[in-house]
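Asker: From these two lone chains plus the hints, build me the complex, please.
Taken in sequence, the protein lines are chains A and B. If you're matching positions, the first sequence starts at 1 in our numbering and goes up one per residue. If you're matching positions, the second sequence starts at 1 in our numbering and goes up one per residue.
Since the hints were derived computationally from the structure, they do not count as laboratory data. Accuracy of the hints is not assured; some may be wrong.
Stated by the list, open to error - These stretches of chain B come out as covered by chain A in the derived footprint (C-beta under 8 angstroms, 3 or more residues):
id, segment
1, 264-273
2, 297-310
3, 584-594
From the three backbone atoms N, C-alpha and C, an ideal C-beta is built for every residue, glycine too.
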Amino acid sequence: MNREELSAELQRIGSEIGRVLVGQDSIVEHVLVGLIGRGHVLIEGVPGLGKTLLVRALARVLGLSFRRIQFTPDLMPSDITGSTLYSQKLGEFSFVPGPVFTELLLADEVNRAPAKTQSALLEAMQERSVTTDGITRPLPEPFLVIATQNPIESQGTYPLPEAQLDRFLLKLEVKHPSEAAEAQILHNYVTGFDPGELLHLSQISSQESVVNMQRALSDIRVTTEIITYITDIVRRTRSHPSVSLGASPRASIGLLNVSRAHALWEGRDFVVPDDVKSYAHAVLRHRLLLEPDAELEGITADNCIDAVLRDAVVPKTAA
Amino acid sequence: MKLGRAAWLILAGTVCVSVPTHARARTATEAAEAPEASDADTDTDTDADADTADAGEAPAASPNQSTPDDAESTDTSEDDEAAEPVNPFLNSPPESVENSLQRTLKSPAATFCNKYQNGEQPDPQLCEWSRLPSHQRCPALARACAPPPPAKSNFWNHIGDVFGGAAEIAYWGILALMVVLLAMAVRRMLGAAVLASDDPEPRELPLPDAPKGAPRVPNDADVARLWARAQQSALATHFDEAVAALQGALIHALRVLGNLHVSPAYTNGDYLRALRSEPSLHGAARDVFRAVEGVQFGGSAATPDLYQRLFERVRPIVERALTLGVVLLLCWSQSGCSAASGEESESSARGLGVLTQLLTDQQTTVRRRIRALKEIEPQVTEILVAGELPDEAWSKLLHWVSDGGTLIVTDSAPAIEKKLHASYMPHAYRGRLELGPGFDPVHLELSANTDHALDFPTGSAGNDRLFARVEGHPYIASRQYGEGSVLFFADGEFLSNASLSIGDNAFFAVSLLTRPRQVLEIVGPWTGGGATSIFGALRSAGLGPLLLQLLVLTFFYAWCRGTAFGTRRDPVLVQRRAFRDHVLALGDCYRKARATRFVLATYGAWLTERLRERLSPQQPIGLIDLAGRIAARYPEPETALVLLLTETREAQDDLETARPSPADLQNCQTLETLAMRVGGSK
Chain A
1 MNREELSAEL QRIGSEIGRV LVGQDSIVEH VLVGLIGRGH VLIEGVPGLG KTLLVRALAR
61 VLGLSFRRIQ FTPDLMPSDI TGSTLYSQKL GEFSFVPGPV FTELLLADEV NRAPAKTQSA
121 LLEAMQERSV TTDGITRPLP EPFLVIATQN PIESQGTYPL PEAQLDRFLL KLEVKHPSEA
181 AEAQILHNYV TGFDPGELLH LSQISSQESV VNMQRALSDI RVTTEIITYI TDIVRRTRSH
241 PSVSLGASPR ASIGLLNVSR AHALWEGRDF VVPDDVKSYA HAVLRHRLLL EPDAELEGIT
301 ADNCIDAVLR DAVVPKTAA
Chain B
1 MKLGRAAWLI LAGTVCVSVP THARARTATE AAEAPEASDA DTDTDTDADA DTADAGEAPA
61 ASPNQSTPDD AESTDTSEDD EAAEPVNPFL NSPPESVENS LQRTLKSPAA TFCNKYQNGE
121 QPDPQLCEWS RLPSHQRCPA LARACAPPPP AKSNFWNHIG DVFGGAAEIA YWGILALMVV
181 LLAMAVRRML GAAVLASDDP EPRELPLPDA PKGAPRVPND ADVARLWARA QQSALATHFD
241 EAVAALQGAL IHALRVLGNL HVSPAYTNGD YLRALRSEPS LHGAARDVFR AVEGVQFGGS
301 AATPDLYQRL FERVRPIVER ALTLGVVLLL CWSQSGCSAA SGEESESSAR GLGVLTQLLT
361 DQQTTVRRRI RALKEIEPQV TEILVAGELP DEAWSKLLHW VSDGGTLIVT DSAPAIEKKL
421 HASYMPHAYR GRLELGPGFD PVHLELSANT DHALDFPTGS AGNDRLFARV EGHPYIASRQ
481 YGEGSVLFFA DGEFLSNASL SIGDNAFFAV SLLTRPRQVL EIVGPWTGGG ATSIFGALRS
541 AGLGPLLLQL LVLTFFYAWC RGTAFGTRRD PVLVQRRAFR DHVLALGDCY RKARATRFVL
601 ATYGAWLTER LRERLSPQQP IGLIDLAGRI AARYPEPETA LVLLLTETRE AQDDLETARP
661 SPADLQNCQT LETLAMRVGG SK
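In isolation and in its complexed conformation, chain B is listed as follows (with noise of 0.2 angstroms):
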């Protein structure tokens, strides 16, 4: 054991040699527990490390570290005639990526790690992982193979999935007959503003100033609480209470199932005249209002009795309308959950959420690029391509590899094939990798749950590097590109949390990836995915459909409730009406009085006067001189055009004794048709 350690030490602080990290992890972390079994394991290493301290400054690789002999290739012979590249895998301490690697497997954060703990359903990718030749870290993946749960699950399963498929169907429903309802209700209204619109005095009250008098107490509106209340004030004696709860109850009952609209201005009568169509529900509601009044007003006492007889008597109302806010609520939350649609979580099996910690850990900046890749900062080193991206984003990145970045891809692109001549093929394959040529004495123990492998024909041998072999094809390797390079990972899966729970992967994509103090960002269909509107972003956060019911429940609601959203106001009063308002109404106020007489009286007068200005407008005249001089012009029998003047003139005297007749606007009119025919007022 402490040999083992010693040369460990000797080995990270020359940095010579990498042993498998899973097995220092093992040691550090098992020691104390099993002793000797740790013992037992570290013998080997302690061997390998001694000859690698032997060796000094030609390590030498130990028992359980493979020599590159074991991976014979024509790529080795290659990469012995190029330059010596930099050993990735001997810049990184092993024991901090374990450390680090164990640290976050064991966080609550890490979900598929701890998954299964409940025996749940098991997953067949995961299973796939575990089935894999490597080092184990998550007892989830192990258990993600076993058969499935007991029946009993099966049968809660098939509820839910009844209810689920019930509560849609209701949800669905209920939103139809919201729309209809809403739909009548805005017919109702549009016909109403038509006749509203036929109506020759529509009149608007105007509403007094705010409210002076007592000051309201806004008491509860929800049914469940008060029904609560009436119930708790019972358990405490306080009947008086109690009562007045329930009577609360049962008129906001009635409001949820429709029948009634309240407002603190009705009174107990209006709500029963309210009802008067529903003779159950006005019967009820009439005994519970006059005992409650008889206790609120009348003195009465507030009895258990009592108490209970109307408790009696609201109780199958209140449980109707909290059994249809059940249904509703069922049907919310159930649309609610089938509208979410979301990414593989970061701390799924498919995530990225360990390789982002590992990273972290080392000192390099992970972060997701939302902006648009326009303009990549300096500080970012390497770009993650995780998704599909337009050609455009191709060409950018392409140009920013050429500048000097690091691209990191892990699927096929037409802009990728083109530029660098690499492509995938189909290469199903679960085992060990083969770590590449030049990498000794480093042996690290890679798998791999892939579908791919790439194709990468060696143009320039100096500009490749490969990394990891499967079955004698390239998995991960990296090709030179301008000042920059590409490096391409067969299968995105290599990276995934899953993966780097197993054997040395995390380790060896840490060496890959880790640029201290550097930022790496990964991209994907959300990068430069900004909406341009507010509708594009509620669209992209799948808030459409929530949005959509709280709009339908909005209506609904208001529909309801009518304007209980805010306090009505005035509208703002016409401070100076035209003189013709003015003429109209006095009109109108005539024609309701009757008053004939006193407008054939007044009207006629002027009238009068005008004929007179018109037909002698240098001296007065009678009026049978002016009856004269109009039949003179005018076609007119002038005895008629006597009596109507005469009659006009009488009207002024007798006022008040003479009943009204349609013949003083008959008068009137002729009067006005004269008076038109001489050139009117002007």
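Next up, chain A with everything else stripped away, as it sits in the complex (with noise of 0.2 angstroms):
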């Protein structure tokens, strides 16, 4: 498939997820581009926004085997990545695969686990494998994390360090759907739509488009300006009065890579300006520690960005 061709994928993949997500077109084209960019997902949102509908809907279309995780303060890290179990009937040791041998993994309340447990989830996202009994065995292609976390809620979580929110590609806000889109919802409702069933969503694509898709990436031209850019941005977070720990090397790569799979998803074999910049903030906003003064004042890491991109001169702009 050529570059224009998976563009056009990429696009009916997005409206059909559309069908049954309304109002969240925005998230929808964030977590495809980063699935593309090979990363994971932190969606951060109140209850009742449509996450595991967006997670399943996602597995739906893209043909992509799905599991979902609930994580609470008792689960063990074996429940996630599995365990060796005696099996009577064959009288020896056997490997039950957890739940995180799937290719799209859906991490509910990701901070209702202990940390033990949630680093084991990490590791898996990092390496892409997962070790028990010093035996390394390699996660599915593509395997795409979508973790989701309340943002109201933080008696009895266990927030996610720093060093660990750095493992997810993008951190997403839901926001409450507008007027318009909510009524659309009830009216979906109203003439059956099951947010249990999902299966007059048609399946658009498959488990090897999405990995030519993550492939194809690496034919994204990219200018030294674009590079001088997005090293810019995440140099100026880390002296911003603001904040405390600027944005990591790894989040440049991060941020190069969801600027390719935005140009891919644009249909250019090129990355724009505009693809950094409309996905720093996903890129940055979980990876900037800010000062505590500025917490208490209520400023965000948002805001941060926000004053940084206002800096930062576009290349070749014409202003």
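Answerer: Have a look at this one:
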């Protein structure tokens, strides 16, 4: 498949998911771009905004295997990775894969589990393999983790450390849909839409096609000016007065990959500054550690990124 | 010819008599060009000069010098009886004045003398001067009576009038629109400020330090220049530069049209998102941006076809922006012209430029007095009043005259009439003036184009002197006042440029007014009119309308461009915050996290300790005893108090497992109320 066909397929995937997830087109686009960029996505939003529905619809439309883990305080690492059990029937120990052995994994309320359980998942995300009893088992390709967390309840939670947050390529914030979109959601329910049944959704893509899309990123052209622009943005986060710890080089790489993926989404074979700028928030917001004073003043990471983007000069600008 | 020159030299050397200066000038300047005519002209002079030379110390009148008998009047006998006054016309060298006059009139600055060489509209005033029966030096005066120019210029004048009127209407319309838009913007800003004040959490984001990234290269923001640069680059086959310039022209054209706010931090995607409400512009901009980005970032080649395609897409938008700019410029220039108003120019027919130059050439300094008349410098010996003055100024001038100064008056003034008994009366006359008595053997060819004459009753004849008459009425005269004198001109026009270019008027005026190495000051409404404030100065300079327009345009520009006038700086950060701010911020964080249980555990424990301190200061007591003591003092059920205190204690143990509940906050409030009842924390 050439670039135009891949782009058209991506657009069809987005449209198909948009049939059930109304009013969240931007989130759908970001998740797909994260998937193509070989990253994982952390979604933050209050309950009831369709996070689970998004992942289920995504799995169906992409034709990928799908598992869901509800993170709780008593969840153990082996509940994610799997464990070696003795089979009385066979008379031997055999490995029973955990839910992480899937192509699309929904880690619901990931901050409800203790740190050691989170680490098991985050290691799998980074290494794309699971090691148990000294044996390393690769995860399938593609492998996308979509984790969710609730921003309003912090009691009884285990916030993800900044170092582990860095493993997520994108952090998305799901907002409430618009009035028109909400009315459309109700209209869909009135006409018989059942979120538990997604049989009416068509499979647009396949596992092989998704892998092709990921490999096509290497053909997306990136000029020196774009690299300078990315570097400039990331470095500015480190000197911002409200930020105590800026974005890491991994963030630069992530921003570059996401920009390429977005260029593919747009049907281009080259990256433009708008690809970088439009994904800067999603890539950087969970990688910035704010100063305590700034946090007390209610300054958010998005505010800091806004300021950084205001000062970073776009390459070859006409202004 | 030789005889005439010799006679003139004798006359100039002996200072016995003056001859008509214009005749001398013609002799000097035209002799070389027309020797025969010159000789013929000077024959008469030669006779007269010869006669004068023969007469030796008893000068006689030449044939063209009329004797005083020609102008017999009663004043003559009176002058004869008075002391012999100095004849001013014998002190000035006529040739010098004539040369100076010729030079001045030929200079480009003497516009009145050359104004009509291009066939412009006639001027009745200049025409009147040209009809006077005297020697005319300015060709423009004669042409001022020419019939109106052909009708072809009327068409352009008509077009100009139409455009001028339309431009003025458009200007005021745009100005009104600007004011309305500005008012709306201010209203929006005030509304936003009110909303912001209602917001309990107004947050201002500190901005980072100065940019440390790639240096910004300032680009051109002028649409016309970008447009021209695109075409020049295309002609030079630099199509990559050409398409980039086209994109710049498009962006800035949209900025001029008010569709975009341009910033170096904005991407093409930002511009496209800003244009969503304009589908037609959005489509054109998207096509252009995509193509240019392909060249700039995608490695596509910029071809002539691509340039031509983009050119056609961008052209309508750029032309619209340029048209708007031209309309604004027209309105601006038109209004600027209409706002301009000025006095008569020094070089115009009514100006005093010729007089100033002639006196300067005679080593008399002439200057306009700007300073007030409070203190007049000693070197100022003459003051010419040109225009109206307040009574206070007249008093100061008369006081100065009484100390020995010479005041030159060309218009009526109550103070003058009262003190010197001289006034002006209507008397229209166009023609030759008569020289006053007592200037024999001088004959000067004086002319006037006047509507007034002097009413000059002769009280003390010895103190008066009559220099010129018009149909028997005094026209130029002086009167002694104290140590000084006042020189009256019946009409200020006599000293004007047009007047001095005719006949011997210039020689006459220079002879009367020359004071070598002294100063003649011209006073008028501008004298002492220095503004006391900056607003007065602006008003006096006529800059009010211009500055008002600039101010409105500045506001409009600021409204359109936001903070383009300077770099935004961070507000000064408060280094230390009040403890109360920290507590409020912490409480806000708890509220967002819904950490009600944590609040009950910490704040409730602290309140419980305060209750213990108040109700059992000597020894520590348990929760049940504490509840009993509270119930004994206040009408609260002891069971409920025990439950409250127990719940508070348990909150410290089950922080991680218990769910947040509104009851936690209610328990906190109850405990707080009890603690306040027993005396609080103090």
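Asker: Look at each hint and say if it fits the structure.
Answerer: Going down the list of hints, with the structure as the test:
no.: 1; hint: 264-273; in the structure: holds (count 7)
no.: 2; hint: 297-310; in the structure: holds (count 3)
no.: 3; hint: 584-594; in the structure: holds (count 7)
In terms of the numbered hints stated before, the structure departs from none.
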